[in-house]
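Chains as they are written, first to last, in numbering that gives the first Met the number 0: chain B, 0 to 149; chain L, 0 to 149.
Derived from the structure by calculation, the hints contain no laboratory data. Please note that the accuracy of each hint is not assured.
Identical copies carry no separate label here, and so any pair may be met within one copy or between two of them.
Claimed, not checked - Pairs of lysine to any residue residues, derived as SDA-like cross-links and limited to a Cα-Cα distance of at most 25 Å, are as follows:
#1 71 to 82
#2 71 to 128
#3 71 to 130
#4 71 to 108
#5 71 to 49
Number of protein chains: 2
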Amino acid sequence: MSKIQALFQSETFASDGEHGSIAREVPKDYFIERDGARYAGTHLIVDLWGAERLDDLAHVEATLRDAVTAAKATLLHILLHHFPPNQGISGVAVLAESHISIHTWPENGYAALDVFMCGGAEPHATIEVLRAAFNPDRLAVEEILRGRAG
Amino acid sequence: MSKIQALFQSETFASDGEHGSIAREVPKDYFIERDGARYAGTHLIVDLWGAERLDDLAHVEATLRDAVTAAKATLLHILLHHFPPNQGISGVAVLAESHISIHTWPENGYAALDVFMCGGAEPHATIEVLRAAFNPDRLAVEEILRGRAG
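Using the sequences and the accompanying hints, generate a full structural model.
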């Protein structure tokens with residue numbers, strides 16, 4: 000959420016009182032406002048069917064990194080695991096703006112991803128990266144505005 | 000997904016042919032079948048409002064660990080970050096059965112969690128752990144059967 004910090008840093012107002020300048024912190028709202036909706040972050044539930052290279056650890060890692068870059072997000076950690084015997088992969092990219100996760104079932108050509116981002120990142124920009132990397136027959140995206148307050 | 004491995008390990012059939020026993024691996028389906036539905040894993044989208052202790056890193060970590068235990072899941076890694084200045088926390092528990100993530104907005108009393116588990120784990124068992132730990136005014140759970148094939 001450092002992106003949010005960058006976007007919504009507490010502003011400091013200096014007022015020249017008789018005893019010199021006074022710095023006053025104004026509490027900020029870290030929620031996002033867009034099109035009249037107020038929410039905490041955008042969560043994309045992404046499913047791939049008929050996808051390729053879901054057992055290729057180096058490819059999955061490179062794709063997660065490319066997705067982070069495409070979203071203009073900030074990578075803090077990336078963790079990947081390869082699970083024998085089906086060669087399924089679990090990966091999580093922890094971001095300053097939340098996370099991307101992937102879990103793959105290569106034997107079914109299926110992968111389940113989350114792309115959860117707050118602040119100024121662009122989660123939807125990850126979709127074409129995923130499509131190009133895994134060449135799925137079908138890709139579904141559901142958008143959830145997390146913490147939607149109305 | 001080691002839980003899945005434990006549950007669905009390739010079975011080996013020995014047949015006594017004229018040249019001795021022959022081991023034959025039968026490919027297994029790592030998807031789950033329950034109540035006529037076939038899917039890859041259960042993904043709970045959990046939202047807390049009016050919640051407490053969302054800025055307490057040690058408490059959040061202990062709660063994630065308790066949630067993993069309650070779900071009978073296997074913890075592989077846990078990562079937590081504390082973000083000044085609002086003291087929001089991001090945490091991800093990477094499991095053999097997928098992951099639990101939490102992102103908190105303490106200034107709004109809001110937390111967004113995912114509880115994604117495949118195999119024999121019990122994701123719904125995490126809910127009461129979260130309720131007890133964060134004492135929210137409101138807790139919402141949406142269940143998504145990821146990779147649902149029918």
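Results for each hint:
| no. | hint | in the structure |
| --- | --- | --- |
| 1 | 71 to 82 | between (30 Å within a copy, 19 Å between copies) |
| 2 | 71 to 128 | within (13 Å within a copy, 35 Å between copies) |
| 3 | 71 to 130 | within (18 Å within a copy, 34 Å between copies) |
| 4 | 71 to 108 | neither (28 Å within a copy, 27 Å between copies) |
| 5 | 71 to 49 | neither (28 Å within a copy, 31 Å between copies) |
Consistency with the previously given hints fails for numbers 4, 5, ordered from lowest to highest.
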